[in-house]
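Engineer: Following the hints, position chain B against chain A.
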Amino acid sequence: MEDTKHHTEPECEMEAKDNSRRNFIKQSTLLTAIALTPGTAVKAAGMHIDEKIAEAFEKMPLKMEVNGVAHNLSVEPRATLLDILREQLDLTGTKKGCDHGQCGACTVHVDGHRVNSCLTLGVMISGKKITTIEGLAKGDELHPMQEAFLKHDGFQCGYCTPGQIMSAVSCIREGHANSEMEIREYMSGNICRCGAYPNIVNAIQEVKEGGQPV
Amino acid sequence: MKQFQYTRAVSQQSTIDAIAKPGTKIIAGGTNLVDLMKRGVTAPDKLVDINNLPLKNITSTKTGLHIGALALNSVVSENSLVLQKQPLLSMALKAGASPQLRNMATVGGNMMQRTRCAYFFDVSMPCNKREPGTGCGAMGGYNRMHAIFGASEQCIAVHPSDMCVGLAALDATVIIAGKKGERRIQFIDFHRLPGDHPEQDNHLAMGEMIIGVDIPDNNFAKNSYYLKIRDRQSYAFALVSVAAALDISNGIIKQARLAMGGVAHKPWRLFDAEKALAGKAATEENFKQAAQIAMRDAKGYEYNSFKIKMAPAVIAEALKHAAGLV
Numbered sequence: 001m002e003d004t005k006h007h008t009e010p011e012c013e014m015e016a017k018d019n020s021r022r023n024f025i026k027q028s029t030l031l032t033a034i035a036l037t038p039g040t041a042v043k044a045a046g047m048h049i050d051e052k053i054a055e056a057f058e059k060m061p062l063k064m065e066v067n068g069v070a071h072n073l074s075v076e077p078r079a080t081l082l083d084i085l086r087e088q089l090d091l092t093g094t095k096k097g098c099d100h101g102q103c104g105a106c107t108v109h110v111d112g113h114r115v116n117s118c119l120t121l122g123v124m125i126s127g128k129k130i131t132t133i134e135g136l137a138k139g140d141e142l143h144p145m146q147e148a149f150l151k152h153d154g155f156q157c158g159y160c161t162p163g164q165i166m167s168a169v170s171c172i173r174e175g176h177a178n179s180e181m182e183i184r185e186y187m188s189g190n191i192c193r194c195g196a197y198p199n200i201v202n203a204i205q206e207v208k209e210g211g212q213p214v
Numbered sequence: 001m002k003q004f005q006y007t008r009a010v011s012q013q014s015t016i017d018a019i020a021k022p023g024t025k026i027i028a029g030g031t032n033l034v035d036l037m038k039r040g041v042t043a044p045d046k047l048v049d050i051n052n053l054p055l056k057n058i059t060s061t062k063t064g065l066h067i068g069a070l071a072l073n074s075v076v077s078e079n080s081l082v083l084q085k086q087p088l089l090s091m092a093l094k095a096g097a098s099p100q101l102r103n104m105a106t107v108g109g110n111m112m113q114r115t116r117c118a119y120f121f122d123v124s125m126p127c128n129k130r131e132p133g134t135g136c137g138a139m140g141g142y143n144r145m146h147a148i149f150g151a152s153e154q155c156i157a158v159h160p161s162d163m164c165v166g167l168a169a170l171d172a173t174v175i176i177a178g179k180k181g182e183r184r185i186q187f188i189d190f191h192r193l194p195g196d197h198p199e200q201d202n203h204l205a206m207g208e209m210i211i212g213v214d215i216p217d218n219n220f221a222k223n224s225y226y227l228k229i230r231d232r233q234s235y236a237f238a239l240v241s242v243a244a245a246l247d248i249s250n251g252i253i254k255q256a257r258l259a260m261g262g263v264a265h266k267p268w269r270l271f272d273a274e275k276a277l278a279g280k281a282a283t284e285e286n287f288k289q290a291a292q293i294a295m296r297d298a299k300g301y302e303y304n305s306f307k308i309k310m311a312p313a314v315i316a317e318a319l320k321h322a323a324g325l326v
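Protein chains in written order, with the working numbering: chain A, 1 to 214; chain B, 1 to 326.
Don't read these hints as lab results, they were simulated from the structure.
Wrong hints could be hidden among the right ones.
As the list claims (entries may be wrong) - Non-contacting residues of chain B with respect to chain A, defined by C-beta distances greater than 12 Å in every case (computed):
1) T31
2) N51
3) T134
4) K275
5) N286
Said to hold, decoys possible - When the alpha-carbon atoms are kept at most 25 Å apart in a straight line, the in silico BS3-like pairs for lysine-lysine are as follows:
6) A:K59 to B:K21
7) B:K62 to B:K25
8) B:K25 to A:K59
9) A:K128 to B:K38
10) A:K96 to B:K222
11) B:K56 to A:K129
12) A:K59 to B:K179
13) A:K96 to B:K21
14) B:K222 to B:K320
15) B:K180 to A:K128
16) B:K56 to A:K63
17) B:K180 to A:K63
18) A:K63 to B:K2
19) B:K299 to B:K280
20) B:K56 to A:K128
21) B:K180 to B:K56
Source: prediction; values computed, not measured.
All C-beta atoms, glycine included, are put in the ideal place defined by N, C-alpha and C.
The shape of chain A in the complex, shown without the other chains (with noise of 0.2 Å):
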């Protein structure tokens, strides 16, 4: 995202046209999906499917509340959590790593579970409670599991971080956070290409035997 800001001009220039490009494959496809919308939702109504129904280049309503904020959104059907966290929400902690479910950079709770936020599409966690990485601390009152991962160094460049540090809370929560070996099978959704694996582990093990809640 800094980068952009300073190459403006050709970032503008590049944007405009591909806007128009866009807007004309949008005109284009919307007239399709006129001709096509009767048909299709007479079609889903018999059929007993609820009335929600996303036309092919149509966005679907998403009521999500996120961090305490509830949101209504308007979103593709094909939008992932994770995009619409960073691109509509501008929650950039959310990191997008792999982006298909390998590496764990991008895992959020969804109502109190993590999951990969990459593989999630949105509409299908209308109605939701996400939480991310900037709904942890409190205030400026930093969560204990993120005091943890500073004090016992937990990452190196930090990229992989907020996908750890909402893994490890929730590896204590599962109660999965017993011994080594065992944090290490429950965290191993979650890859550190530093290698920090042992200060994470620390930082987790800091956390549990702290008893403090989580």
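Structural biologist: Just chain B now, kept in the frame of chain A:
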């Protein structure tokens, strides 16, 4: 990702009606489907989200345990009935994926997951499973992860699931719903070998959906074990995995169940080895003999022949764990 229509099904019937249309797919956890859609391996026109259907239950029945198709992998693996009656299933589930993925993945979806063959995933490569008639990239390619049992000239991919290996060993039954009502099929008959139609992973017909699995009660709870060998200790697909279940009385094996993962297009039941173990003493020697019997029809390819050595060792080790000898 190609655009698609998205609908939320409100009933089993509405789902069955919706999936009768070509290009329509069910989405449950989405952990495999969304990944495949991002890569362009599959591109449905329409997704039917079935998460609102009442198929999440895990209940004791007169003859065993019933698990709904939408029960989450994480929930099943920690469920007290499952831990008490079928700990092997819990072990198999915990050996698969990551905690985050298990929080999303469902039992039915786990059964429907596609192979992890790299040639299937790479749309620039030939693959008879992804695009029938284009050939098999893995046959003469890098086939280290591939099948040593039941492969065909068309496909040497393996089924990636751990849960399915456990369910195959436990004589589970799949409950399927379609236009004509419900039908039941033995779990070991659900997935198929590639033959000339590797594009078909299983015997679920067009317009049918999985609604649950039944596991009959057994005496395996005390002596069962899931052993998975992989390139790293956790969060990797199996090179070879073994589900072993024994019913042991006074040191003698009354019945045995064995299934392997990472070696075939479907969970691979080891019927001959099971028969060989029945009536024998639960000893390391007998386990090793049974493991050799299990390997009779194995066939290796350029990079995966190591599995022919590895598999019998894993079988014997899993049996030792199940029998409490380790």
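Engineer: A separate judgement is required for each hint: does it hold in the structure or not?
Structural biologist: Against the structure, the hints:
1. A beta-carbon of chain A is positioned within 12 Å of the beta-carbon of T31 (chain B); the least distance is around 5 Å.
2. Under the 12 Å C-beta cut-off, the non-interface status given to N51 (chain B) relative to chain A is violated; the minimum distance is some 7 Å.
3. No beta-carbon of chain A is positioned within 12 Å of the beta-carbon of T134 (chain B); the least distance is around 23 Å.
4. Once the 12 Å rule is applied to beta carbons, K275 (chain B) is consistent with being away from chain A; the minimum gap is 35 Å.
5. Once the 12 Å rule is applied to beta carbons, N286 (chain B) is consistent with being away from chain A; the minimum gap is 31 Å.
6. The suggested pairing of K59 (chain A) with K21 (chain B) holds, with an alpha-carbon distance near 23 Å, which does not exceed 25 Å.
7. This hinted pair does not check out: K62 (chain B) and K25 (chain B) have alpha carbons roughly 34 Å apart, beyond 25 Å.
8. Straight-line distance between C-alpha atoms of K25 (chain B) and K59 (chain A) comes to about 20 Å, which keeps the hinted pair within the 25 Å bound.
9. Pair hint K128 (chain A) plus K38 (chain B) holds up; C-alpha atoms about 24 Å apart against a cutoff of 25 Å.
10. Between K96 (chain A) and K222 (chain B), the direct Cα distance comes to roughly 43 Å. Violation of the 25 Å bound is thereby established for this hinted pair.
11. At roughly 20 Å between alpha-carbon atoms, K56 (chain B) and K129 (chain A) fall within 25 Å of each other, so this suggested pair holds.
12. Note on K59 (chain A) and K179 (chain B): the hinted pairing is violated, with a Cα-Cα distance of about 31 Å set against a maximum of 25 Å.
13. Between K96 (chain A) and K21 (chain B), the direct Cα distance comes to roughly 34 Å. Violation of the 25 Å bound is thereby established for this hinted pair.
14. Restraint check for K222 (chain B) and K320 (chain B): the C-alpha separation of about 13 Å stays at or below 25 Å, so the hint holds.
15. About 35 Å separates the Cα atoms of K180 (chain B) and K128 (chain A), which puts this hinted pair outside 25 Å; it is violated.
16. A C-alpha spacing of about 24 Å is found between K56 (chain B) and K63 (chain A), which places the hinted pair at or below 25 Å, so the restraint holds.
17. About 37 Å separates the Cα atoms of K180 (chain B) and K63 (chain A), which puts this hinted pair outside 25 Å; it is violated.
18. As the CA atoms of K63 (chain A) and K2 (chain B) are separated by approximately 23 Å, the hinted pair is consistent with the 25 Å bound.
19. The suggested pairing of K299 (chain B) with K280 (chain B) is violated, with an alpha-carbon distance near 28 Å, which exceeds 25 Å.
20. Taking the CA atoms of K56 (chain B) and K128 (chain A), the gap is about 18 Å. The hint holds against a cut of 25 Å.
21. Annotation: proposed proximity of K180 (chain B) to K56 (chain B) holds, straight-line Cα distance about 23 Å (limit 25 Å).
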